[in-house]
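Chain by chain, the residues run as shown.
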Amino acid sequence: MSSTKITTILFLFFISFTCYAGDTMWKQSQRFEEKGDYEQAASAIEHAASTDNEYAVLRYAYLKYKQGEYNDSIEYYNKAIKLNAKSLDAKLGITLPYIAQGRWRQVKVYTRQVLTKSDWDYTAHERLMMAEDGDKKWHSLGRHSGKLTTIYPTDATTLAYHARAKARLGNTPVASAAYKKVLMREPDHAEANEYLENN
Amino acid sequence: MKSLKRILLSALFFSSIFATSVYADERWYVSATANGMAGNYSDSELRDRFYSASAWLNVDYLDYYSVALAYNNLRINFKGADAGEFDTGRFDITQDAFAGRFQYYFYNDTLAGKITTQLVAHSITNDARAAVAADAIIIIAPKLAYMSYEKDLAMGLEYAWSDYSNNRSFIIQQLTPSIGFGFNQNNDWIQIKAYLITSSDKKLSQNEDSLASASIKWQHWFNPGPVFAAHNLFIDVLAGERIFAVDNESFSVYNLEDVQQGSVLLGLGWRPGEDFDITAIAGVEKYNTYNREYLYISLSKHW
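Residue numbers (my numbering), protein chains in the order written: chain C, 1 to 199; chain Y, 1001 to 1303.
By construction, these hints were calculated from the structure, which means they are not laboratory data.
There could be a bad hint or two in this list.
[Said to hold, decoys possible] With a cut-off of at most 30 Å between alpha-carbon atoms, the simulated DSSO-like pairs for lysine-lysine come out as follows:
#: 1; chain 1: C; residue 1: Lys136; chain 2: Y; residue 2: Lys1193
#: 2; chain 1: Y; residue 1: Lys1143; chain 2: Y; residue 2: Lys1301
#: 3; chain 1: Y; residue 1: Lys1286; chain 2: C; residue 2: Lys136
#: 4; chain 1: C; residue 1: Lys137; chain 2: Y; residue 2: Lys1286
#: 5; chain 1: C; residue 1: Lys79; chain 2: C; residue 2: Lys147
#: 6; chain 1: Y; residue 1: Lys1301; chain 2: C; residue 2: Lys136
#: 7; chain 1: Y; residue 1: Lys1143; chain 2: C; residue 2: Lys137
#: 8; chain 1: Y; residue 1: Lys1114; chain 2: C; residue 2: Lys137
#: 9; chain 1: C; residue 1: Lys117; chain 2: C; residue 2: Lys147
#: 10; chain 1: Y; residue 1: Lys1286; chain 2: Y; residue 2: Lys1143
#: 11; chain 1: C; residue 1: Lys137; chain 2: Y; residue 2: Lys1151
#: 12; chain 1: C; residue 1: Lys66; chain 2: C; residue 2: Lys86
#: 13; chain 1: C; residue 1: Lys136; chain 2: Y; residue 2: Lys1143
#: 14; chain 1: Y; residue 1: Lys1203; chain 2: Y; residue 2: Lys1193
#: 15; chain 1: C; residue 1: Lys82; chain 2: C; residue 2: Lys117
#: 16; chain 1: Y; residue 1: Lys1301; chain 2: Y; residue 2: Lys1151
#: 17; chain 1: Y; residue 1: Lys1114; chain 2: C; residue 2: Lys147
#: 18; chain 1: Y; residue 1: Lys1114; chain 2: C; residue 2: Lys82
#: 19; chain 1: C; residue 1: Lys137; chain 2: C; residue 2: Lys86
#: 20; chain 1: Y; residue 1: Lys1301; chain 2: C; residue 2: Lys137
#: 21; chain 1: Y; residue 1: Lys1151; chain 2: C; residue 2: Lys136
#: 22; chain 1: C; residue 1: Lys27; chain 2: C; residue 2: Lys82
#: 23; chain 1: Y; residue 1: Lys1143; chain 2: Y; residue 2: Lys1079
#: 24; chain 1: C; residue 1: Lys117; chain 2: C; residue 2: Lys79
#: 25; chain 1: Y; residue 1: Lys1202; chain 2: C; residue 2: Lys66
#: 26; chain 1: Y; residue 1: Lys1217; chain 2: Y; residue 2: Lys1193
#: 27; chain 1: C; residue 1: Lys136; chain 2: Y; residue 2: Lys1217
#: 28; chain 1: Y; residue 1: Lys1202; chain 2: C; residue 2: Lys79
#: 29; chain 1: C; residue 1: Lys86; chain 2: C; residue 2: Lys181
#: 30; chain 1: C; residue 1: Lys66; chain 2: Y; residue 2: Lys1151
#: 31; chain 1: C; residue 1: Lys137; chain 2: C; residue 2: Lys181
#: 32; chain 1: Y; residue 1: Lys1079; chain 2: Y; residue 2: Lys1217
#: 33; chain 1: C; residue 1: Lys79; chain 2: Y; residue 2: Lys1151
#: 34; chain 1: Y; residue 1: Lys1203; chain 2: Y; residue 2: Lys1301
#: 35; chain 1: C; residue 1: Lys117; chain 2: C; residue 2: Lys35
#: 36; chain 1: C; residue 1: Lys66; chain 2: C; residue 2: Lys136
[As the list claims (entries may be wrong)] Over the 12 Å line for every Cβ pair with chain C, so calculated as not near, a few chain Y residues:
#: 37; residue: Glu1045
#: 38; residue: Ala1053
#: 39; residue: Tyr1107
#: 40; residue: Asn1108
By construction, the Cβ of each residue, glycine as well, lies at the ideal position given by its N, Cα and C atoms.
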């Protein structure tokens, strides 16, 4: 066998090994995630996340969030935003660690950036309502959730936020009516049941 | 002394211009507060009434850092304003106090909470003739505080170094550890705070070189309130003794009072709009030679 053939065979072997290793990396990461082992799931793609591989960076950021390493998660979501400033995935993703840290102002900044590009993005609205709730901005939450109930009329979460805001503002009739609608959609909703028992 | 006052004044001026130009940005959060306080001294041979007015300006950049500036004007009237040559009203005191506060926040996932580093500086001048070494004061107070992400546990440690040395060397040091916790879905909050105060010269601090006191504060947020539609209610009780105390939650310095032996206050807060707060407080403070009763009202607007 000529040296050229040997070189070609060795080259193809390494190429196929590299491709296989790449497949294994994603598979391994997903398998660890399915088992709830987020640390190993993140380790499996750590090298790819250190490059400019946008998907790896986003996935790594999410897995860091799942591990409770919120500052690291924010760092990688910021890296993903720098790689692709148009990414709504990254701007929605970064709200997760900020929500976990109770940093409602940051959540508002990023959800509003998403909403300027996509007016009725449900996830962005839901997390913005979460921020208004966390910040005890009952007037804002009441107005915001009120508009959303016409866009997502079957959604129990939006109705529950609307009911909570009205309850906090002392508007018992509107709060009760909204909580009753929540129970039509989710009969075991604890907050709605408790409010209606006491009011 | 004058340079610190000049810095605080300049900062107040520039930050007010800065605040009005940036408040619309969602990354900047501005609050302006005006408050007034009036009260009288009971069981006092000399002191009659006091009036106080303050303005605070607070600017936050998201949840990274915060700058606050405060100005307070205080007037204490003494009795016998029309008693001719023996007029104790001549001892009336007018005081100007400036304060600046800088806070920087860190978020620590291992401790699962927000760490606040804080530095407060006060510059106080007054025309007191009777008060001992209390007419020109500089206070520097660093603080480290922790608040859990769930906002149900807080701890803090503050050190205040008060320099009353315009006439002779006189330093007051104060250590203020505190702990607070929330319950009832954080609709209730209890805070316990200790004031450990030492004086470098007991002759200038009413023969006291070391004093200790502790306060407990309970605050409840209504849903909404049964009491005059209030948003929140709070009660604060102080026991023990303290002198020349510093309370940086309200930018208060007790530099013109005697040995405080306790206090109790009751406060109510209203939120008529999402960005507007009203707070009213009625309180009584007991000192070694008199009592002080007061009413306080505060209006805050947030942008």
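We went through each hint and held it up to the structure:
For the proposed pair Lys136(C) and Lys1193(Y), the alpha carbon gap of about 26 Å is at most 30 Å, so the pair holds. A distance of roughly 26 Å separates the Cα atoms of Lys1143(Y) and Lys1301(Y); the hinted pair therefore holds under the 30 Å criterion. For the suggested pair Lys1286(Y) and Lys136(C), the alpha carbons sit about 36 Å apart, so the restraint of at most 30 Å is broken. In summary, the hint linking Lys137(C) to Lys1286(Y) is not supported, as the alpha carbons are separated by about 38 Å, beyond the 30 Å threshold.
With a C-alpha separation of about 34 Å, the suggested pair Lys79(C) and Lys147(C) falls outside the 30 Å cut-off, and the hint is violated. For the hint linking Lys1301(Y) to Lys136(C), the alpha-carbon distance of about 16 Å falls within 30 Å, and the restraint holds. With a CA separation close to 29 Å, the supplied pair Lys1143(Y) and Lys137(C) stays within the 30 Å bound. Of the pairs offered as hints, the one joining Lys1114(Y) and Lys137(C) holds, with about 21 Å between alpha carbons and a cut-off of 30 Å not exceeded.
Distance restraint check for Lys117(C) and Lys147(C): the Cα-Cα separation of roughly 18 Å lies within the 30 Å cut-off, and the hinted pair is therefore satisfied. Only pairs whose Cα atoms come within 30 Å are accepted, and Lys1286(Y) paired with Lys1143(Y) is accepted, the gap being roughly 28 Å. With a C-alpha separation of about 16 Å, the suggested pairing of Lys137(C) with Lys1151(Y) holds against the 30 Å cut-off. Among the hinted pairs, Lys66(C) with Lys86(C) is consistent with the structure: their alpha-carbon atoms are about 24 Å apart, no more than 30 Å.
Of the supplied pair hints, the one linking Lys136(C) and Lys1143(Y) holds, its CA atoms being roughly 27 Å apart against a limit of 30 Å. Using a Cα cut-off of 30 Å, the hinted pair Lys1203(Y) and Lys1193(Y) holds, with the two alpha carbons roughly 27 Å apart. Pair hint Lys82(C) plus Lys117(C) holds up; C-alpha atoms about 17 Å apart against a cutoff of 30 Å. As the CA atoms of Lys1301(Y) and Lys1151(Y) are separated by approximately 23 Å, the hinted pair is consistent with the 30 Å bound.
At most 30 Å may separate the alpha-carbon atoms for a hinted pair to count; Lys1114(Y) and Lys147(C) exceed this at roughly 33 Å. Distance hint between Lys1114(Y) and Lys82(C) is fulfilled; the C-alpha atoms sit about 26 Å from each other, no more than 30 Å. Straight-line distance between C-alpha atoms of Lys137(C) and Lys86(C) comes to about 29 Å, which keeps the hinted pair within the 30 Å bound. Note on Lys1301(Y) and Lys137(C): the hinted pairing holds, with a Cα-Cα distance of about 14 Å set against a maximum of 30 Å.
Between Lys1151(Y) and Lys136(C) the CA atoms are separated by roughly 13 Å; this keeps the pair inside 30 Å, and the hint holds. Taken as a hint, the Lys27(C) and Lys82(C) pair is honoured in the structure, with Cα atoms around 27 Å apart against an allowance of 30 Å. Distance check on the hinted pair: Lys1143(Y) and Lys1079(Y) sit about 39 Å apart at the alpha-carbon level, beyond 30 Å; violated. For the hint pairing Lys117(C) with Lys79(C), the CA-to-CA distance comes to about 20 Å; that is within 30 Å, so the pair holds.
Distance restraint check for Lys1202(Y) and Lys66(C): the Cα-Cα separation of roughly 57 Å exceeds the 30 Å cut-off, and the hinted pair is therefore not satisfied. Simply put, Lys1217(Y) and Lys1193(Y) have alpha-carbon atoms about 9 Å apart, close enough for the 30 Å limit, and the pair holds. Simply put, Lys136(C) and Lys1217(Y) have alpha-carbon atoms about 22 Å apart, close enough for the 30 Å limit, and the pair holds. A distance of roughly 59 Å separates the Cα atoms of Lys1202(Y) and Lys79(C); the hinted pair therefore is violated under the 30 Å criterion.
In summary, the hint linking Lys86(C) to Lys181(C) is not supported, as the alpha carbons are separated by about 37 Å, beyond the 30 Å threshold. The straight-line distance between the Cα atoms of Lys66(C) and Lys1151(Y) is roughly 21 Å, inside the 30 Å bound, and the hint therefore holds. A threshold of 30 Å between alpha carbons decides the hint, and for Lys137(C) with Lys181(C) the separation of about 22 Å falls inside it, so the pair holds. Taking the CA atoms of Lys1079(Y) and Lys1217(Y), the gap is near 34 Å; set against the 30 Å cutoff, the hint is violated.
The straight-line distance between the Cα atoms of Lys79(C) and Lys1151(Y) is roughly 29 Å, inside the 30 Å bound, and the hint therefore holds. Taken as a hint, the Lys1203(Y) and Lys1301(Y) pair is broken in the structure, with Cα atoms around 44 Å apart against an allowance of 30 Å. The straight-line distance between the Cα atoms of Lys117(C) and Lys35(C) is roughly 35 Å, outside the 30 Å bound, and the hint therefore fails. Restraint check for Lys66(C) and Lys136(C): satisfied, since their Cα atoms lie roughly 26 Å apart, inside the 30 Å limit.
Taking the minimum C-beta to C-beta distance to chain C, about 48 Å, the non-interface status of Glu1045(Y) holds against the 12 Å cut. Listed as a non-interface residue, Ala1053(Y) keeps its Cβ farther than 12 Å from every Cβ of chain C; the least gap is roughly 29 Å. The non-interface label for Tyr1107(Y) is inconsistent with chain C: the shortest C-beta to C-beta separation is roughly 5 Å, within 12 Å. Not every Cβ of chain C is farther than 12 Å from the Cβ of Asn1108(Y); the closest lies at roughly 8 Å, contradicting the non-interface assignment.
Checked against the numbered hints given earlier, the structure breaks hints 3, 4, 5, 17, 23, 25, 28, 29, 32, 34, 35, 39, 40 and satisfies all the rest.
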